[in-house]
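Keeping the supplied structure of chain A fixed, place chains B, C and D upon it in accordance with the hints.
Chains as they are written, first to last, in our numbering: chain A, 74 to 445; chain B, 501 to 948; chain C, 2 to 373; chain D, 902 to 1543.
Hints are supplied without guarantee of correctness; some may be wrong.
[To be verified] Keeping only pairs whose Cα atoms sit at most 27 Å apart, straight-line, the calculated DSSO-like set for lysine-lysine is:
(1) Lys-673(B) <-> Lys-986(D)
(2) Lys-1016(D) <-> Lys-737(B)
(3) Lys-604(B) <-> Lys-986(D)
If you're looking for bench data, these hints aren't it; they were derived computationally from the structure.
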Amino acid sequence: MLDTETLVQQFDLLACIQCGKCTGGCPISPKSALNPRALIYHMLLGGDFELVSRDELWDCTTCATCGMRCPKGVKAYDLIIGLRGQWIESGKIPTTLRAPLTATLNQGNPLVLPREDRTLWADGLDVKNVAEGAEMALFTCCENAYDPRVQPMPKALVRILRAANIAFGTLGLDEQCCGSEIRRVGESGLFEYLRDDNLEKFQAAGVKKLVTTSPHCYNVYKNEYGSPGIAVEHYTQTVARLIAEDKFKFGKKFEATVTYQDPCFLGKQNGVYDEPRAVLKALPGVKFVEMDRSRERSVCCEGGGGRMWLEGTNTKVRLANDRIAQARETGATVLATACPFCFLTLSDAVVATGHENDLKVMDIAQIVNAAI
Amino acid sequence: MTQSALVIGGGIAGIQTALDVADAGFKVYLVEKEPSVGGRMSQLDKTFPTLDCSACILTPKMVDVARHPNIELLTYSEVTDVQGAAGDFRVTVKKKPRYVDMTKCTGCGSCAEACRLKGKIVDPFNAALGKRSAIYVPFPQAVPLKYTVDPTQCVYLTRGVCGKTFRCKDACKAGAIDFTQQEQCVELNVGAIVTATGFDPFNATLKPELGYGVYPNVITSLQFERLSSASGPTAGKILLGGKEPREVVFIQCVGSRDATTGNLYCSRVCCMITAKHAHLVKDKIHDARVTVFYADIRAFGKGFEEFYDRVRAEGVQYRRGYVSEIFKRGEKLVIRSEDTLLGKPIETPADLVVLSTGLVPRPETQPLANLLGLGNSADGFLAEAHAKLRPVDTAIDGVYLAGCAQGPKDIPDTVAHAKAAASAAIVRLRRSEQWTVISDQFTLSTTH
Amino acid sequence: MTTRGFLPVTNGDALDATREFLRTLFDKQIIDALLVSVEGARNAIMPALVKNPTRLDRANPFAPVMPFNSARLVSMLTRESADVRLGIVLRSCEIRALIELVKFNQAKLDHAIIIGVDCIGTVPIPTYTQTRDQTPDWLAQVFSAGKHGDAGAMPLRAACAMCEQPTPAHADIALGFIGVDSARALVVELRDDLAAQLGVRADAADAEARAAILANLIAARTATRDAALQNFRAQMKSPDGFASYFAACLECTNCMNACPICYCKECFFRTANAEHAPRELLRTAERHGAVTLPPDALLFQMTRLNHMATSCVGCGMCEDACPHGIPLTAMFRAVGARTQKIFDYEPGRDVNAKPPFMEFRRDELQHIGEME
Amino acid sequence: MKPRIGVYICHCGLNIANTVDVEATREFARALPNVSVARNYTYMCSDPGQALITNDIRELGLTHVVVASCSPRMHEPTFRATIHKAGLNPYCLEMANIREQCAWVHADKKFATLKAMDLIASAVAKVAWLVPLQTREVGVTQAALVIGGGIAGLHAALDIADAGFPVALVEKQPYLGGRVAQLYTTFPTQERVADLLAPLIARVTQHPHIRVIANAKVEQIEGFIGNFRATVRTRPAFVDATKCDACGKCVDACPVSVPDAFNANLTPRRAIYRPTPNAPLVVDATQCTYIQDRVCLSEPRCVAACDRHAIDFSQAETVSELNVGAIIVATGASAFDATLKPELGFGAAANVITSLQFERLAANPAEFAKAFGAAKEIAFVSCVGSRDATTGNAYCSRVCCMVNAKQAQIVKQQFPAARVTIFYADVRAFGKGHEEFYDAVRQSGVRYRRGYVSEVYRRGAKMIVRAEDTLIQKPLEVEADLVVLGVGLTPRAETDEVANLLSLPRSGDGFLLEIHPKLRPVETAVDGVFLAGTCQGPKDIVDTIAQARAAASSALAPLCRGTVKVESATSTVNDEMCAGCGLCVATCPYGAPALNARTGKTRVNAVLCKGCGACAAACPSKAIQVMQFTPRQILSQIAVLA
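For reference, chain A alone in the conformation it holds in the complex (with noise of 0.2 Å):
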């Protein structure tokens, strides 16, 4: 049983008006049973509240939309991710998230990988730690890190740097899971100690700008942690700046049509949607092209909100297939995203949808870095 009267005030339901706007822009709620304005509404008439039945819950992005679109300020995903926190609290963890959590607290990472491995993508490259003196503090995703299909993006962010002349680091070892993920499957303990333990690590290693990989990092940094006077950056962001004060000469010409994916952490979430735009318009060969869907009207690629390592109860088909046909009918060969979830998302929907000699999925750093 669930005190549904303390959520209705921490969450500050009371504010809904049941217009359903939520629930109508919802990218899970046609083909699961998750339906944010009526879960409100059950809080709001208290009373008997199980979360057992409602394994739906664990099928939330943590997109955001529903918060972005309502007309009275209410954050439904806020309230899913508190009542996936009350599960856990429960002890009633689903099983595919126990290995993530566990290793992220004992590996600094929810790939189940050691800790020691964190730097391996960098070898070679010979990057600095930030604390040996450097302007900005390179920020790499777990899985940007870990995983080897978006290992390929932070090195490429590694040459831009580079060709600008910007002096930068990473925190090394030291570098943990941001926890994004972390609270959004609920475990906010977790969080907190990652957060506690990483701020304590900025700080040690004298970190004033932060610029990450992964606009989940950089959601999680900007809006999730405080005000610790770190100023933080998405490398799109960076670069555009960079692009705009002329720091580049593109050697390359990137011939191709390509499209782009917004990440709702960074478009949606963060209002983000020009510099990543910028980036791709500025680079020569590149025939820019805008799926319909896109900015504030993009949908989510289902990669967020932990449904990395969840089950869920959604088993029909992901969004991000249905992205690909959209990026399809703009004729687009490439399609951009800036996010290592949207593009291992993206790169299993076109395998999926047999269209990997059409469209290729390429993060904008690779893009990037093709062109110089």
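Below, chains B, C and D without anything else, positioned relative to chain A:
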């Protein structure tokens, strides 16, 4: 004591205030920044719930205002300075050059026919759905019916040269066109000022998820008015790109009741505007499927609920749930929402989507408010002296509010509010003498 | 309140007793003058204004013939107030017409004493005047028919054959012979004060028998009426029903002249307003091929119908006056019945009831109402 | 002289031109008898359109003008002024309505064109018979009567008085403030009504231009704009205010106990009572057993109880006659009688109250605490007697949503532990600050459940509220300790009386009817009579005040000017033809015709006549005719069509 009043804004509120104050025998200066009086109401097709043709009921009032011996109309003019206090305001009004001699222009329209830019300039009167020339009257029933050169568009005024010869000047048989006209300032001395500067429709591009500006078949309610109007760009036919929509969707509360836009308030008129539009679609395209998405239907005025009943009876579907987003699938738009009464997310196909946009304060009212020393309410509209008891008075003695400058209102409420402002102004103009007891002047006879 | 009693008949001559009774009204100074039908030369029965009671020796209110609806005459006599107390001997239909005229300010009853008489029905004037010599005792027929409540043997006028109000209402004094043996006595019902003055004692004998005979009579008449109205309505079913009904109308206006209710000083159809310019008639003829002359016969009938429909009392004088025998009574009664029902209005029933045109009630005609 | 007629055919943009071949119509018109010129133009009502007409009048010497365009309702004044400007008598104009009666109702262009031609031919036939009429003005009594001393009447009276004119404010009750006086607080600002009302009433009662006549009734109104004569009957208080020190002994002594209507019948009062907490004592003559000759008989107990001999049963009614130039009707509205919805349990159970009763309870902290302090669950029911065909009130009452919200918030603020639920179908928070207030009310913990309440019944000490929660599609039974019915506003029972007094029509919802719902919301069918406040339809306080001041503005025009124009096309009587039947008198809504006692024939008071023609239609002999609509004129019009 100055026996005259200034009314700023020539929409229905300003017109009504001016007429009432003038009818009471006072001189009224009516200042309108556009070339014609008429305001927003002149853009409307029909009015709810009676379906009166808006122009048909407004035009006589516009004509009355122009004809009234006590009213001096200052169109295409703006207030630039206000000094003094109640009873003795000194107001500077800037008369913008029309580049047309009002005394000579017959309103024949030959100049607009001849203009090089004929049919090329986006027509704001038609809510950007139509095109006009650089020399123009805003609409056919304009008062005064005198042409005006748009200085931001005219080839001559923007580039210094317009071919070998001015086509408009050649075309004008009355010799009315005069590019030497300069801005003029007039000084007015008035006892009371009524601010009736109206509202703007909400800028729907601020709700990007609804696709306005992206899809040509997503339009605003003001655009629908022009589409439906016999004097509009489609001569009253509901046509988009030459095609008649089969499935029409109306979306409520676009820019109202919405913290994401900062407009927490209800715009008061949109529910009924949509009901009217839904009726008009049904009236013009009998078999059209019309759906209205809403959260609360606010049909509160006289005859409104009855009209809402009528529209539902005509087969318009009301589905409870705000629309979350719009995208395209093939030729159709897809409207994503939840039907909150079914508890199910739904997708509704549409050929035409009409956004029922709310009312917002006009940005250009703010400098005027500053000149007058007026404050704003939390919603950004001009603040009245007391929310309950003094809806037309302001914190400044002698300055009153009329119509939507104070907050969203429908036409009858605007007219009532404007007349109330007129009453306040009349009272202010008549004040100053020492009143004596006259309440006993009635008694004709008293019997027990 | 009223007193019911008997007027004794000596010598079996009810008419004589009646004449004596009327004289008594003069003697007791109840009236100063009397309007009553009298026998004239050539069998004519004509109303006369009697000032000298000795002239009542030819009075005959029971003659089964009605040259006039005397309400018109009462209007003539009472329009301006006079201090003459006027007695008026009238049949039911005449009283009803009079009540209507009072409502239209065309008659005043302030100083009038209405003496109502039973009417078993009247015969056409020619029938009466031409046959009286051969069947000298019309009166005997009347009293006999009255006694049995059955005038089947009499060649009644169409209006009378469908008259369901044989007894007078609203009379100060009512003399009755229907359902009683008039050779012995007449029923008299009169105001209490008059009863006292005239020495009429209350006597309810035979009341039930009279009531039963009246009920039978009324039932039979009602049946005749309904058949007549149904017949009329059937004729109206065809599109040109009204036109063919009046095909023979000359617009002679005799009907109007005979009508007790038509009170206009001058009929509109006789004024210059109703004249047609020759040019107009020629143009209409050209437009339609031909135009019936006189041109306004149907308009005239329509107008009369419009003016009369609520007030028509069904006396049938119009039909008697029509040179072409157009069955006007059935028309007026049929249309009147419907119209009067709509307004819940019965002409002649109540002098205080306002005619429909003079009264606005919020709840009337709601079924017509606003269409939306 | 042969008439010279000009015919002007308007395209009305495409309104007409789309359906009617305007050029063919023009050619047809040109060939009609007496027509000198026929033209068509896009918008005849525009300045250049009018210029066409004035030029022709001057240059071609036209004597009469036909404009074929829209309904004359709007533009007849426009074109009358046009031809007048060119020197013609403004009444030598006829309009053919080829828009509403032709173009808008037909689709077939051929037939619509033929019909337009017929209508024009018909207008041409009539116009030649039109005669010049004179425009007329009458003087104005520069004083006003305001009927109703509620918030609307108070504001209307103040504006007129502040503008310098005497105002008589007649109030039926012995106190001022009307319905608003019964309220506890306002929404959305939650100000105490008493604090707002007291200064307002003081300003009115102390105003040198306002004569307050309370406890009085307007019995009769005669006359016309500028020259009304009102008869006002004032009931005596039977208490000498100069002697009374409001000690209350008389009240204690009074044997009568009746429900106190001011207190929404929650408490009883005596026959001698204080109508409001601050008002002076009065005797309710309808209840006083001395006046009604019952219990008290010769020795009224109140008189005996009063040490100061303030009670004076010798006081008599007074009848005053007032001359005024304008009248403002501000007679207000009633709260819906909740017993008409028996399924909601009002009257059957003490813990079902109306929103008006809530206000009275809230105004009395002790009573309020007694009623609400222990309640765990309180249900508010929306739309009781509004939006409800079963009650005949199809309309929305405009204020109840916010009243519910405000009251729910009051409960929540004072008794935070109480569970407060509002059942609704649409929340109508449309006024300035209302949506924000609705937001705040939800934030205070008030629950909104979508679904009208179907029934309320007792189970033990609790009331069961039955409804469907339409958002979860489940029927509900909510146990409530108290149920508050958000009753709507209805026309006052005496609306008919007021309507008859002034010959005012009522709209379909039963409220008094304004003359045009959009642009003339305070004017009535009777010139010089204006509507203020809820007598015209439900309104909240702020809208009521705006409308009241609007009515004042309308009233101020004739008062300031000192004269008014009256209709010229009035009816006239042909004495020869008049039979004096009085049909015209009964038919006229304005009281213009009257039977002359001497001649027995009708005379028309031309100042009252609006030229509506009802009399002419009713008159069987056409003895009464409206100028410009005489039988000759109309028949010549018809003859063309025959």
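| task | Could you work out which earlier hints the structure fails to respect and list their numbers in ascending sequence? | result | Violated hints: none; all satisfied.
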